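Visitor: Listed below, chain by chain, are the residues.
Protein chains: 8
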Amino acid sequence: MKKTSVRAKVLTGTVAAAALAAATLGAVSASAEATDTPAVAAAAVRTDAQNKNLAQSTGLTIEAATKAAQATLDAAAKAGQRVSVAVVDRDGVTRVLLKGDGAGPQSPESAVRKAFTAVSWNAPTSELAKRLAQAPNLKDIPNTLFLAGGAPVQSKGAPVAGIGVAGAPSGDLDEQFAQAGVEALTK
Amino acid sequence: MKKTSVRAKVLTGTVAAAALAAATLGAVSASAEATDTPAVAAAAVRTDAQNKNLAQSTGLTIEAATKAAQATLDAAAKAGQRVSVAVVDRDGVTRVLLKGDGAGPQSPESAVRKAFTAVSWNAPTSELAKRLAQAPNLKDIPNTLFLAGGAPVQSKGAPVAGIGVAGAPSGDLDEQFAQAGVEALTK
Amino acid sequence: MKKTSVRAKVLTGTVAAAALAAATLGAVSASAEATDTPAVAAAAVRTDAQNKNLAQSTGLTIEAATKAAQATLDAAAKAGQRVSVAVVDRDGVTRVLLKGDGAGPQSPESAVRKAFTAVSWNAPTSELAKRLAQAPNLKDIPNTLFLAGGAPVQSKGAPVAGIGVAGAPSGDLDEQFAQAGVEALTK
Amino acid sequence: MKKTSVRAKVLTGTVAAAALAAATLGAVSASAEATDTPAVAAAAVRTDAQNKNLAQSTGLTIEAATKAAQATLDAAAKAGQRVSVAVVDRDGVTRVLLKGDGAGPQSPESAVRKAFTAVSWNAPTSELAKRLAQAPNLKDIPNTLFLAGGAPVQSKGAPVAGIGVAGAPSGDLDEQFAQAGVEALTK
Amino acid sequence: MKKTSVRAKVLTGTVAAAALAAATLGAVSASAEATDTPAVAAAAVRTDAQNKNLAQSTGLTIEAATKAAQATLDAAAKAGQRVSVAVVDRDGVTRVLLKGDGAGPQSPESAVRKAFTAVSWNAPTSELAKRLAQAPNLKDIPNTLFLAGGAPVQSKGAPVAGIGVAGAPSGDLDEQFAQAGVEALTK
Amino acid sequence: MKKTSVRAKVLTGTVAAAALAAATLGAVSASAEATDTPAVAAAAVRTDAQNKNLAQSTGLTIEAATKAAQATLDAAAKAGQRVSVAVVDRDGVTRVLLKGDGAGPQSPESAVRKAFTAVSWNAPTSELAKRLAQAPNLKDIPNTLFLAGGAPVQSKGAPVAGIGVAGAPSGDLDEQFAQAGVEALTK
Amino acid sequence: MKKTSVRAKVLTGTVAAAALAAATLGAVSASAEATDTPAVAAAAVRTDAQNKNLAQSTGLTIEAATKAAQATLDAAAKAGQRVSVAVVDRDGVTRVLLKGDGAGPQSPESAVRKAFTAVSWNAPTSELAKRLAQAPNLKDIPNTLFLAGGAPVQSKGAPVAGIGVAGAPSGDLDEQFAQAGVEALTK
Amino acid sequence: MKKTSVRAKVLTGTVAAAALAAATLGAVSASAEATDTPAVAAAAVRTDAQNKNLAQSTGLTIEAATKAAQATLDAAAKAGQRVSVAVVDRDGVTRVLLKGDGAGPQSPESAVRKAFTAVSWNAPTSELAKRLAQAPNLKDIPNTLFLAGGAPVQSKGAPVAGIGVAGAPSGDLDEQFAQAGVEALTK
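Protein chains in written order, with our numbering: chain A, -4 to 182; chain B, -4 to 182; chain C, -4 to 182; chain D, -4 to 182; chain E, -4 to 182; chain F, -4 to 182; chain G, -4 to 182; chain H, -4 to 182.
Don't take every hint at face value.
Here are the simulated lysine-lysine pairs, DSSO-like style, with alpha carbons at most 27 angstroms apart [stated by the list, open to error]:
1) F/LYS73 x D/LYS151
2) A/LYS125 x C/LYS125
3) A/LYS62 x B/LYS62
4) D/LYS47 x B/LYS125
5) F/LYS62 x G/LYS134
6) B/LYS182 x A/LYS62
7) E/LYS73 x F/LYS62
8) B/LYS73 x E/LYS62
9) F/LYS47 x E/LYS62
10) G/LYS182 x D/LYS47
11) G/LYS134 x C/LYS134
No wet-lab data here; the hints were simulated from the structure.
A quick note: this is a predicted structure, and the numbers were derived from the prediction, not measured.
Given the sequences, and given the hints that come with them, work out the whole structure.
Guide: The structure is reproduced here in structure tokens:
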């Protein structure tokens, strides 16, 4: 992310994934995709200029999070799939959970965990699943799920939310819908 | 739901509460508010006409549930309050969860439990809380919360969903917002 | 169900398994086993004709679910095996749980999870276990168990329940008993 | 309980309740209702005559437990009520769980806890709830629920199972159905 | 925080408590203690000026949170008491947990819950405990503990963290130590 | 412990209870029962003389803990009662758990919680239960149980373990058996 | 139990392991190690001769279970190892738990799970771990642990208890100590 | 650890790892790395010289534990990484938890589990992860995490605490920071 647009454009996780593909195995620091940018600048948490005890962190508004979730469900509906979608913030707290009509009982929790995983490592879960070839025990970290279907939402390269989808016949489809949710935030 | 048929009318929880006020202490059977209607007719679960092994149950579509949740958040925003809202179905499964901007960390789980409680007894939680005077241990039932802020969504008198709200300075305010969500389903 | 109408026929999981064998890896959409049928038609959840806010979902009556569970235990008893059996609905909620005489302490929870898994993906768990060769992390989804012994109950191709069995010396035996339970619903 | 055999008599919880009414506050020892009988004789656990390392404990067969549960649901159906019923053994392990058609989402867990409570103290939960006046913290014991609706199944005065019911408009109704289940074991 | 700007001043919970004493029963909105200030301005979450999808939230740096926790333990040590202390952020996530030497096994979880409760309602838990007289079921909200010993950390009137202490012979002592932690942030 | 040195004497909880009766409401500091003794000296945790980073804490050997638990069961057996007994250390970790023959399913967890409560506050739970009159919310602290039946084991006035008993018809009986376990450590 | 072997010998798990080595993959039916004996006869649960509703199940007395656990700890002490040991009954309920001096914090729960696993499949966990080569997902069954260190206690071929040990440098050592516990029951 | 310094020097886990590399597969007894030292002498738990019922165990003071945690965060900050750090005692109880600024939501629990794992087996988790090649099911033990990032704190060869770190792009980095924490205790 050499140059960030003035308007703090929210990039899709797909772009991030490309950048991350060569990253060191393990958790991804927020600076991984822009090595010439200091880690501190890229973080979603910044020290408050007026009070050194305080730090500011960035997240989605509930309007934005809901808009993304609904765009996700719309994309799934167009594809004739029944899914659940979750949006979690940088702290891993669920902001939005929608269990779609006819979505399986396993889908809400799967969606939450995929979203949690994507925001934790700032990468799509399809990419993260590949890392298990080298670090198989990553998947033992509580509350994670290393299945395609999760995408990070980024601001200036740092993760500010995660979107997770579950219920389609393949994780790739799930993730396609999650990306539709991420892209809805750039419009 | 511009025009609701007589037979599929979605009543607000307020109406139900009035009907339930004289009910026997304890869980409310679906027939309690219409004693001249057979219990089976008022239930949200009906045996399938074509296959005696099957039964049909009624719930909200995700579109309806989301519409109700957003109407709830809108009502809270107009009142300057920060809340979370949950919509659960008749099985107690969460269909929608929205954690509003600035809503406290206790609010999502509280909202889910109020919604669960309202749909379980088919009454607003403000009414149910009053029953504790006679049956104080009702509140020990797992996953319930006997605080104002939950309202049932009904179809033909039977509960089909529960809406729960938490985060406002009083449970009465929470429930006012939940009722705004229920009413959004009648428009 | 002495005579099943063509349109409400309850298929055994075995038939479904054959149809699903070529399915795309991952979760199975309800339309997977009848590609010429639109997904919406095959779903167990349908929008209510009279109220667009409402949807109807199909499940087993408690009589049918109990009948299936007992047929399962009977089949196990004939084979001299001690098992537990669970029937869960499309929402993953347990409708029936029977811990057979002498069944091991691990069997009730295993039975519930197999039933949950079968209804979530609309396929026998013996089939689902094979998918792990391609998607090994599917088994990390909470509340699932990818061991033979679970079978879906279907109505018009859509899953309406899951039957799970555990406790026999092999999962294949467990699943044979679960299928006996499914078949009891077609008589 | 039309005619009970002298030697294997299964008492209904109602009878036990009468005997227990004067008992000391707190947990009830198995000998409480028959003080002239040594505690060891009345227990459901007996040392094995041939091997001092072993003890025999008494429980219901799955056939008996299922019969009791179905009798309970039948009684509820006759009264037009929708409930869930659970049968747990002396170790507190669930042997049977049936979630009736249209029973609320709170009812299965409530039923299990009432059954657990009844078998733990060998008394109907309506009686046990009264003890809270003197020992209010009894209800803080994990997995218990001090609401009417649970009844013990006894053999020679000792508890061998508990039946719990939840979902009716009052706990007294729930317990009436539970007693119908207990009585089914004497026929 | 040698010199606190007017607008970023971190108030001690004690001051907040005074302001809150007359508040409406129930959860406290962030604007409760300054009714002439719009709720939006007082909130710890603000919409991002450059991107309407984003909001900024305020929290403590780990340095500040650790400093507060250590000041708390120091105050306890001076009083000869053995306690645990927790600092949680506005989302209820634990930032710091210190189990002091000789502190009882119940103290870490108690400290976390007191901190969670204080930040959820933006008031000291000694004040919140008094509200139970009017709304006794507030204490049934998951993860809360209505015992003195928790204090909110505020920025511009909005809660940005909670400090909880447990282990001293009385909750009042616990809270005195928590307040010492809050005050350490103003130095 | 044939001859106990004056300084390492293990006091029975009964003695401690007498000393604690006048204590301030709330958690009991280890120095409460001997105000002329510095808190540091009475604590079960002491800084290591040779390495300032280290502290020594005192607990029971497994032999001692088992001896106490068996003495407890023996006392119950003599009284014709069926109980479970637990011994937990100062960190609240279970060292011994024995579920006696015929003890109810609620008894093991109750015993563990009573032991945990006794060691946390260094007082018999019969005493602690009385404190609820003034501080009713103490009982909401996780893992505690404010029912008679728990007794602390002390060394030099500081708690080094807790013994909890459950299953007898009254908590007073349970606690009598727990005290028998404590006393076994002085012989 | 029409005719019991003269000494009602409790076989060690080692013998059972040999018999089980050729068993079908999966859970082991109680008849596996004695194919000429009907499964019903070998079961630890028998229908009561006098009341068809009742069944008798066999377990260890608390004296026997404690004796076995102590023999296990003694064997570990002789080998200079620090371990925890658990004895669970056929229902998977813990009867005895001893955390030895210096045993690691992971050892008590590991011991319980090994004991649970051994009694569930009526085989030593060292044997069961080998089965994972063919059925790798067996280890996903809740509450199990497929590591050497667990041994079943049998009566007439049926499992009546499980002994689990954890904490030694290898599972083989753990299991050797568990077998010492089983053997103590034959003396 | 051939020769331990008189002053109970706290060795870094790195040294221990070297010694442990050739150890028997499985849990490591405290004597494994110094076979010429009796196990009893190397243990962190010693029988009390004055009272045979009592044993002394060694742990870190809260000052030492906090110092180590802060040194860990400092090392991470110098490397531009955002991590969480936990210090647990020999009983697996968390003494210190610090969630660093910008550390991912998965990091606190990961840090706790790595610390727990390191202190349980008295080895760095990078070494323990290698053992999975031979004993893959070790990672199924509850509360463990076999990922690099955990280091034991030792006194006289016995584990007295564990430090765990999570959040850096690789587990090796995490462990480097954990070792910095361990080393801070030797200064």
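Visitor: Against each hint, give a clear statement of whether it holds in the structure.
Guide: Structure-based check of each hint:
1. F/LYS73 x D/LYS151: It holds: about 22 angstroms lies between the C-alpha atoms, which stays within 27 angstroms.
2. A/LYS125 x C/LYS125: 20 angstroms, holds
3. A/LYS62 x B/LYS62: 12 angstroms, holds
4. D/LYS47 x B/LYS125: 56 angstroms, violated
5. F/LYS62 x G/LYS134: Distance ~36 angstroms between F/LYS62 and G/LYS134 Cα, so the pair is violated.
6. B/LYS182 x A/LYS62: Roughly 22 angstroms between the alpha carbons, so the hint for B/LYS182 and A/LYS62 holds.
7. E/LYS73 x F/LYS62: 39 angstroms, violated
8. B/LYS73 x E/LYS62: 39 angstroms, violated
9. F/LYS47 x E/LYS62: Cα-Cα ~22 angstroms, so holds.
10. G/LYS182 x D/LYS47: Holds. G/LYS182 to D/LYS47 sits at ~11 angstroms (cutoff 27 angstroms).
11. G/LYS134 x C/LYS134: 11 angstroms, holds
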